[in-house]
Each structure stands twice: as C-alpha cells, then as structure tokens.
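For chain Y, the structure is supplied; the task is to place chains G and X on it using the hints.
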Amino acid sequence: MSLKGSIYMNSITKSISEKIDELRNKVPLVHNITNYVTVNDVANALLAIGASPIMADDIEETADITAISSALVINIGTLNKRTIASMIASGKKANELGIPVIFDPVGAGASKLRNDATKEILNQVKVSVLRGNLSEVSFVAGLKVSTKGVDTSEEDEKNDGAAVAGSVAESLGCAVAITGAVDIISDGKRVVKISNGNKMLKKVTGTGCMTTALIGAFAGAEKDYFTAAASGVASMGIAGDIAFEKAGQMGTGSYHIAIIDALSTLDSKIVAERAKLHEE
Amino acid sequence: MSLKGSIYMNSITKSISEKIDELRNKVPLVHNITNYVTVNDVANALLAIGASPIMADDIEETADITAISSALVINIGTLNKRTIASMIASGKKANELGIPVIFDPVGAGASKLRNDATKEILNQVKVSVLRGNLSEVSFVAGLKVSTKGVDTSEEDEKNDGAAVAGSVAESLGCAVAITGAVDIISDGKRVVKISNGNKMLKKVTGTGCMTTALIGAFAGAEKDYFTAAASGVASMGIAGDIAFEKAGQMGTGSYHIAIIDALSTLDSKIVAERAKLHEE
Amino acid sequence: MSLKGSIYMNSITKSISEKIDELRNKVPLVHNITNYVTVNDVANALLAIGASPIMADDIEETADITAISSALVINIGTLNKRTIASMIASGKKANELGIPVIFDPVGAGASKLRNDATKEILNQVKVSVLRGNLSEVSFVAGLKVSTKGVDTSEEDEKNDGAAVAGSVAESLGCAVAITGAVDIISDGKRVVKISNGNKMLKKVTGTGCMTTALIGAFAGAEKDYFTAAASGVASMGIAGDIAFEKAGQMGTGSYHIAIIDALSTLDSKIVAERAKLHEE
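Line by line, the protein sequences give chains Y, G and X. If you want our numbering, it's the 1-based position in the first sequence plus 327. If you want our numbering, it's the 1-based position in the second sequence plus 327. If you want our numbering, it's the 1-based position in the third sequence plus 327.
Chain Y on its own, in the form it takes in the complex:
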C-alpha cells in the first residue's frame, strides 16, 4: 500500500471507530420493513449496537413511522405485494424528509418478483446505501446473474466486486456495500475493502440482514453514508471475528449468540484495534 493509501486507511479506521460512540449517544430510531425470517436478530443487533428498532409495514402507518425515525431500512427477503407498496411509500417519505434509506435487495436475480420490486424501489426511491452480496449487486448493475437463492452463485463470484460497486454507486448516486469473503464499500469516488469476518457468518441466517440494519443505525447518526456503510460492515465483521474466537468451536447456535454479545460490547477501542481495512 502506498503511503498516501495508508494514511487514508488510518483516517477511515479512526473515523469508523469514533462513530460507534456517537451512535450509542444518539440512540437513533431505525424503521425496518424487513423479512420475517431474520427480523428478531435485526432488532437485537440494532439494540446491541445502540440503536432503537421499530418494525411497521402496514401502508396505513408505514410513512408515519418513517417520519419519526432517523433511518429507514428496506429488506425484500420475504417481500409480498402488500409490503412492496409500503416500502415505496416509506421510501418516498424518507426522501421527502431527508432521512437516509438503506436498501437490501435480498435474492435479487432469483425471481421476477424480486427483480421487478428491486427495479421499482430503485426507480421511485433515492437510496443512500445499497447493501447486498455480489450476485444481488451485480443484478442491480444490470449484469446477467445466475443467483441460486439468496447466496452468491459461483458464476457470479467471478465478477469484479470493486468495479460492480463503483458502477452502481455512480449510477445511483449512493454508497454501495458488497459483502463477502472480502467486503467492498464504494461511493464511486472512495473505496475501502474490509477483511474482517469469517466464513462461519454464512452459516447463520440473517448476518447480511443484520449488517444492512447496522448500516441503518450508523446512517441514522452520521451523514456521510460511505462512512456509515463502512462502519456497519466493519462492526459485523469484527463481531464475527470475536464470536468465532469465543464460540466457533461450539457450533453455529452458540456462534449466533456470540455475534450479538460481541455487537453489544463493541466500542471504539475494539474497532480501532481489530478493523482490517485496505485499498486492495
């Protein structure tokens, strides 16, 4: 890494490590329209990191709840026609009030409904941060994808993540986080890669959804959404590292619980010490 790059990485690391204290002081209310598979973990991850979660998805209240929140998280994991309408109504309200919108296009590429909903949401709502795996973000980039369910396909793994992230960030004018073995965050100008986390994270459902929600928590307390995205992704990766040290040998049930434990005890010092940020 160049000296300039190194200074830049140190500066980002410092920035994201400071964000967690700011977040815990502000306790932002994060409105989630999300799936019923991982919603409990999403709520507990938000509480653990210092935010206050609220879930509401009926069209008659969803915009009202968004209006009192500091961030809106939209996750299409178990979408249906009723909730898609609510996602769009809440997204528009958030745009109107300058509230950040974090979008997780779970399974985009896997069905026409998910593809259409993803396009419709991106068409009608200005997104602040988009987070997905490489298959999902490749779909948003307009690439042909071969998604198998909600995981990145082996075929799609060959895509150049940094290029995909940069291209989507530029076309949507937002920050993009692609999570995987190495996470990539880009806003089209800045880019950072994060090597925290381990492959056991993929053996617990909802670690992606939780990451998206954590980004929402940081975005509710920090107006630079690129930094918020990096903070959310780094927090989950570091929690995954700590959890693996404590409970990796016991199995995925204990590992799951240890992730929440680690998030709830995370602080600036731990983030500064453990964050593995790099340019390449």
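Hints are not guaranteed to be accurate.
Just so you know, same-sequence chains aren't split out, so a pair can sit in one copy or run between any two.
Each computed BS3-like pair below joins lysine-lysine, with the alpha-carbon atoms no more than 30 Å apart [said to hold, decoys possible]: (1) K408 <-> K573; (2) K408 <-> K446; (3) K550 <-> K471; (4) K419 <-> K439; (5) K596 <-> K446; (6) K573 <-> K419; (7) K573 <-> K529; (8) K408 <-> K475; (9) K353 <-> K341; (10) K475 <-> K550; (11) K520 <-> K475; (12) K353 <-> K471; (13) K446 <-> K550; (14) K550 <-> K530; (15) K446 <-> K530; (16) K485 <-> K471; (17) K446 <-> K520; (18) K471 <-> K419; (19) K526 <-> K596; (20) K439 <-> K453; (21) K453 <-> K475.
Please keep in mind that the hints were generated in silico from the structure rather than gathered at the bench. Here the structure is a predicted model, which is why all the values come from computation and not from measurement.
Relative to chain Y, chains G and X alone:
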C-alpha cells in the same frame, strides 16, 4: 411500609409464588395474535413457564382457536388491517366464552393506525389485563403522549404511573400493568409495585411482549387477573435478575438466552425468595 | 429383534449415517413456505445440517423459487388464505418438475381452516413425505381427533402410531413420519422406529418444524424419501440427545441453542454411533 401494608405484600408474594406451580400443573393453552418480531421468544417463554402456545391470525380460524384456549393475548407490535380484524373477532369470542383477554398496545401513540386500532379493540373487546410501558398506557388513559417508537419517551416518564394505571384500571374495569424501572400493577382498588428486573431487559427485544404473554399464561390458570398480572410481571423481572447474574457480563445475546433458561427453571421457592414487591 | 430385523436396522442406520455427508456435499436449496413463529430456527437448522434455505410465499414468485430448489417444505403453522394459495401453486410446480414436497400439517384437527387446508393441499399436491405428531397424522388418516392446539392430545396418544403411519403412507403413496416419544417412519412397506431425542424437545418451539425442514434437506439430496425421512428425524433426535447432555441442566434457552450447535457439528460417525433404530 405500614404493618398492614407489609402483611398485604407478604400475602401477595405468597400468592404469586404459589401460582407458578398451579400454572405448570394446568399447562394452559394460550392463543397469541402477536407480532412477527418477537413471536419465537413469546412461544419459548410460554413453554418455559409451563404453558402451551398457539399462534393463529387468519380471520377464518382465529375465533375457533380462541375457543379452545385458556387465554387470548393480543399484541399490536406489527399490526395490519388483516390481523386487526382477527384480533377483534378473537377478542369477542373470548368475551363470549369468559376467556381472559390480555392486551399489549405496542407503540400506541406512535401512529394513527396504532392509536385507532387500540381504541377500536378497547371499544369492542372487554380486556382482562392491559400491559404496556408508561407511554402506551398513558395514551390509553387519554393523556397527550410523545412516544418515540416503541419505548417510553423521556417526556412521558414524568407521568405518575400509579395514577395512570389506576385511572385506566377503573375506566376499563380491568387489571393494568405498567412495566418500567419499577413495575406497577393496579386494578383500581389494589396496587402493587415490583422492583425486580434490570435495565438490560430493554436491550433485548421482546421482553415486554414476553411479559404480556406470561400474564396470559397465569390468567389461563388463575381467575384473579390482578394476581395473574403481578405473577407474570414478577416472573419476567426475576428471570431478568437471574439472567443478569449468570450472563450479564457476556452481552445481550447470552443474556437473552439466560432469560429463557431462568423462566424454565423458575419455581415457587425462587419466586418467594426473590420477588421485590412493595406499596410505594 | 430377529436376526433379519437386526440386519435391516444396521443397513438403515448405515444408510442414514452416510446421507449426512452427501447432503453436506450437495448443499441443496430448500424452499420453505412456513410459519413466522419458528422460521428463524428452520433456516438455521437447514444451514447447520448443510443445506441452503430460502423462504418465499408470495403467489407471484413462489413457483419460480420452487423451480430453482431441490426440495419444497410446506408448513401450515400460521397459514392464511394468501399463503395457502402459494403452498398449492408451489406444490404443483414441484410435482411438475419432480421436486420432493415435504408437508407438515401443523395443528390439523384444531380448526376448520387447518382441516380444510390440509385436505386441499393433499388433494392437489402429491406429497413425498408427510411429518406430524400423532394427532395431526391421525387427522390425515381420517380418524376422529381431539387435538388441543399444536400438541398431540392425551386421547389421540392411544392411537396405534405404526398403523396410522402405514395407512396414511399407503393411501397417499408417500413416506410418513410421526414424531413423539418414539418416532415412527413408514412408507407402507418399510417401517422403522427411532428412540433418540428426549422430552425437553417439546419445551422448545419449532423442533417439529425443524425436523420437517431437515427431512426436506435430506430429500433434496436423496431420492429414497423413506431414508430421507428417517435421516431427518434421526438427526433431530440425536441433536436433542447431545444438546441435553451439554445444556439440559441450564434450561430451555441454552438447550435450544445447543440443538443448533449439535446439528452443525453432526457427522456420519456421530449418527452411526448414536442412532437408536428398531423395528418394535
């Protein structure tokens, strides 16, 4: 505390400590129309305390399920038009058959939909126990509230909980439980405060919902709903205390699991030893 | 047990112990249309055993998701009119493509809606494996049942499980698994009983749903659905045994987590050593 007060508290403590054995013998079926965020914990808390949970929310079966149950728990945490109709249909059936109805107006005060649903349910259904935080119960009392999401606002904390509980209990003719740093249970005539539990309970989603469901379990086995409400609230508070001793230092994930552990191993002796009941 | 019976049991035990390695190699995608109470555990159990879960229930995508999956799991735990239509559409698509369908008629016998939905699904969809408790499968067998909620009633416990399983297996032309104190798997010709597991499994919600999903995982990797059913049931029973040894004394919260731990660390050797299969 006066001697008379002290005797009264000892008598209530004895009463609620005996209830848990009765509950475990009876294994009441508790029908829950509840939110999808905390529903798994609600089911596991009910099993842990000795009840049998059933969840059903379609209008075509909801009254049938209520009819075979010993208690009905209505929780509007993620309400929608479809489930509001089911709540009312089940509530009416419960009233018809003399089955107790426990109502948790989650987030009342935070949106027009929640406000309207709360009023409509209370208008059409005779409730046996109402449980909420101070903001939610203040809303039911007709006070102006400044709820932020699903937590009690700082502004609303200034309300006099005992007065609010008593007023709602009288106007609805039911028992009222307001949970918070100190819990208050009132039926308009009797009042008891409970100081078990600790602030970590607020860092795990669903501890309020579980408390409401536990009240349902006790009400399914005990016709004095004031005692049932105190028993449910005390059980969660004591479980929170035990869990904090065992797992508080590990983080909120382990604490969450330890709450269920504590509920599942709770017995009359533990309740009698640990319950912190008082008048003032 | 006769020598012939003993050889047969050894052969089945060997067969199901080998299946787990095959499953972990294949990583079948398992589509679940299931209830919102236990869905998180279902997803984590599928990941733990080596499958990849996907949940989707909107009529506009449900058949598309089934079409890319290796197995379809239908669970009516919190059914509603919207999802019943999706279950049937997905079931038909699975039949069309030769994808196995695992059906869990949760609470059949407890309400007209559940009874009607169970009949309608069995009428329109060819099922590969049916899993339920004795009350539920007795209902499918056309026997009069006295189900109390989602547990087997004491009255129904008197039914002859092996006869019920065999009769349903023959009439539907599928494998049938009745889980309880002793599990029974039959395809009308072959029958095996499994004595793993312990009564604490009933104190954690979702262990039945998880068993059904595990059968789906094995059926996604193994075309003999009788063996797949026995493999799924044995896996959960063995996980229940291991979890009880590790965490039974701590309470049902820790036991719950230990079940997932045990599933995630299960291998052919453990299954071969611990499986308790017998004819009578």
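Each hint tested on the structure:
1. K408 <-> K573: neither (42 Å within a copy, 44 Å between copies)
2. K408 <-> K446: both (14 Å within a copy, 27 Å between copies)
3. K550 <-> K471: neither (33 Å within a copy, 32 Å between copies)
4. K419 <-> K439: both (23 Å within a copy, 19 Å between copies)
5. K596 <-> K446: This pair counts as neither: shortest intra-copy Cα distance 40 Å, inter-copy 48 Å.
6. K573 <-> K419: neither (42 Å within a copy, 46 Å between copies)
7. K573 <-> K529: both (17 Å within a copy, 25 Å between copies)
8. K408 <-> K475: both (22 Å within a copy, 28 Å between copies)
9. K353 <-> K341: Within one copy only: 19 Å inside, 43 Å across.
10. K475 <-> K550: between (35 Å within a copy, 21 Å between copies)
11. K520 <-> K475: within (25 Å within a copy, 36 Å between copies)
12. K353 <-> K471: Answer is between: at 24 Å across copies they meet the 30 Å cutoff, but 41 Å inside does not.
13. K446 <-> K550: within (25 Å within a copy, 38 Å between copies)
14. K550 <-> K530: Answer is between; shortest inter-copy Cα gap is 25 Å, intra-copy 32 Å.
15. K446 <-> K530: Classified as within; 29 Å inside a copy, 36 Å across copies.
16. K485 <-> K471: Intra 12 Å, inter 58 Å, cutoff 30 Å: intra-copy only.
17. K446 <-> K520: Cα proximity of K446 and K520: one copy only (27 Å, versus 51 Å across).
18. K471 <-> K419: both (29 Å within a copy, 28 Å between copies)
19. K526 <-> K596: both (24 Å within a copy, 24 Å between copies)
20. K439 <-> K453: both (22 Å within a copy, 26 Å between copies)
21. K453 <-> K475: Close inside one copy (28 Å) and across copies (25 Å); limit 30 Å.
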